[in-house]
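Colleague: The lines below spell out each chain.
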Amino acid sequence: MMLGGSLTTDRKRGPRRSANRSLWLMGVPLLVLGLMVLAAPLLPLADPGIQDLRARLIPPIFLEGGTWDHPLGTDQLGRDLLARIIYGGRLTFVIAMAAVLVGSVFGTLLGMIAGYRRGWADTVISRVVDAQLALPFILLAIAIIVSRGRSLVVLVVVLAIISWAQYARVIRAETLSLRERPFILGLRAAGASPMRIILRHVFPNVGGTVLVLATLEVGTMILAESALSFLGLGVVSPDISWGGMLAGGREFIQDAWWVVAFPGIAITFVVLSINLLGDALRARYDPRKRTYL
Amino acid sequence: MDPLLSVRSLRVEATSSVGTIVAVDKFDLDIYPGDVIGLIGESGSGKTTAVRSLLGLTERNVRITRGSIHFQGRQVLGDGRNNLSRLRGRHVGMVFQNASSSLNPLLRINTQMRQVLKANRADQSASDRAGRIEEVISRMGFHDPGRVLRSYPHQLSGGMRQRAAIAIAIVSEPELVIADESTSALDVTTQAEVMELVRELATDMGHSLIYVTHDLLLAAEVCTRMAVMYGGEVVELGPTSQVVGLPHHPYTRGLLRSVPIWAKKAPLVGIDGTPPRVTPGFVGCRFASRCPHAVGECSDVDVDWTQTGHDHGSRCIQPKGAPLHSADG
Amino acid sequence: MSFVRFMAPKLLGAVITLLIALSLAFFLARTAGDPARNILGEFATEEQVLAKQIELGLDKPLPVQFVNYLGQLASFDLGKSLRYSRPNWELILGRFPASIQLTLAAMLIATVIGLPLGVVAALKEGRIWDRISVFIALLGQSIPLFWLGLMFILLFAVAWGWLPAGQSGTWQHLVLPAVTLSVLPMARIARLARSSLSEVLEETYITSARARGLRERTVVITHAIRNAALPVVTIMGLQAGTLLSGAVTVEFVFAWPGLGTLATQAVQFRDFSLVQAIVIVGAVTFVIINLAVDLLYGIIDPRIREQGS
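Protein chains in written order, with our numbering: chain A, 7 to 299; chain B, 68 to 396; chain C, 1018 to 1326.
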């Protein structure tokens, strides 16, 4: 601000470079974890579903009584925790990804339409976004699941309903400013159809923001899924998810803390990595470093 | 007469991830009571950095690395001392180029003026302060000074905000006022009016004024002396009449030729090229790459200051002192 | 007068938002699902389902149900609990004090820790303190709170026995749930305070305030922080609104007798009517808190106050 142009532009390069570094720093562990979860059946792991009541609540290897057969110990039914965490990650990831996909497609589309068309379409969509954000998400999820019953599809839809408004709000704002840019004005003057402009010209320009939001939302979705599963409203036995594991282990916390501790650590690690990755992506795609509420 | 402010060989460096840049170098300046001096230069010439450094108001990545400053005979910078922040408000008032953004939007003008007095004039009683505020604001040419005092910045027009900002800068009776118009967006008439007001107020009270601008014409109208900056250095310094009438430095001549009313019959020309990036190892005249008179020596050795009159000098190895329209210009 | 002009459109907007939110809650919970069948379970006979539908008014066409629903809302009737056979509002009102207590305590902790964390980060931008507080804030947003609650219980209640593991009564009972619940708002407040303040610190009026000879403390507190406060106040309002009825998992973990626990109990008994009533109350409190935040805006920022006139 107070120095000439050359100095100010130089200063901007700093955060970008470190953003690139943390992109790698966060991206690689996540990728490794993702591959491990994908390749779970190929890994030398115990069957996550096999119960062995003689081997109940075996502590992890670094505690007295631990064994290499169960490096992270076993749960209340004698199932191997390490295997369950890795297999549980599969469903957790699939649900989170599916919810993000559905939520981001709907939210982005509605956000672009609201921002581009303005007028009544904008009024309606913006009001619905406000209304959606006013509903306490976990209660809404409970209401839907209570009235419709529990299933994976319902879970994904519920999570998508929770998140679409976030995309719509941010993308609407981006589109609003984008539509006044000369190249869009030119296309409009040339008589290109609104849908074509939105899909071919607006979308590529908000794509970076969508990517950042979607990345961060994967973390949010994992947290939401684990909360719902913990309350018994999401994934339930015999399916395995991290939230479900926490729900099952809760009663045994006094005798076997590891049953509860490890799935929680897994969730925290993954969500933290995703959030760091999202922040790094934001620094890269959004130089204004805007904070999404 | 002793100078009010005396700056010697000030050097300011800006560090970023891509290296260090010398923003201001070999900066010498004496300001006397009642002086009205113009600090002229393009954007990036270091003029704003120079004056903000005088108050220690640089950004985090910008540092003063050399030089000394005396104020009223007392050393405030150099020899391990840095008391520049003590000059702020009490001794030096600053008017920023964009008044709208230099006023706190959440505080009334009155509050902002009172804060300055509280911070800098602890000796005054509350009623003294109120009296002083009344006195200053009534000289600003407002129709309803009381209303201005009660207003928030957004309730005032652009011109009124500018005046209010001036009132805030001078309310604590600083001996020196710095007006930074370096990238001014105000329209030319308002700008001239406001500058005239600042000058009047400053000189009426026997105060000095530094006027930072890229507008040579405006500066020539207001200032008694001029310092021309290029690439972080003062390249020419002298009385306005001499700098405009008999410029020594090729850069000053180039600047003058780009002002229509001085170019007169000669064609209006700009200066080719762009200012150099001055890194710490930079040697030679900073203008050499754009100078029509450059000789080999210009780029090889650092150029010393040449005093040509008792108050006029420049930083050029062959100061011409030629009138603007001479054939070699 | 200008105050009325400032608030009137906001009030109208809030009412419209609320109406849409309540309609959303209605349709999301009814379309394509059959609460009656779900309540009775898969072994119910068709007659039982039909009887239940009639009892709940679910046999009528959806638009009629919707009109009935709106009619009930208009007369402040939240319906009757299927499980407890008592008016829902009675049950909810009974749990409100506990929820408010927990929310206030959590927001207090979140503000007292989060605000300084963000301010320090902004003032020391790019340095080690900044990185540490940014990381803490990010960590706070990444931990599943119910799990953190379980870990707190494990340490402070089970292992060391310093604090009670659950239920309510004394201030000791409040500590663990409030601290657990404060983590997310704390992280949000810290992050937003940091970004907002570091933006304001770049403003000319901050340099200008320094140039006026004001002390650094005055510059930071009365000039920078006050200007940076608006977005932070917003997020605090949003968070408080969410906590009041959204602290479901944390209340559940600590058996805290608030709205969240009421909701989980309602789920166990498939008390569809009670769940719906809690959602409605949650949306209403959220919108009211937002209105209060708007009001606060007007007090903080004179520019916003005058927009209406």
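The set of hints was computed from the structure by calculation and includes no laboratory data. Please note that a few of the clues may not be correct.
[Stated by the list, open to error] Residues on chain C that point at chain B, a partial pick, calculated with CB under 7 Å:
id: 1; residue: T1221
id: 2; residue: Y1222
id: 3; residue: T1224
id: 4; residue: R1229
[As the list claims (entries may be wrong)] Over 12 Å on every C-beta distance to chain C, these chain A residues come out as not near it, computed from the model:
id: 5; residue: L51
id: 6; residue: V164
id: 7; residue: S183
id: 8; residue: R206
C-beta atoms are modelled at their ideal positions from N, C-alpha and C, and glycine is treated no differently.
Colleague: What are the numbers of the hints the structure violates, in ascending order?
Modeller: 6
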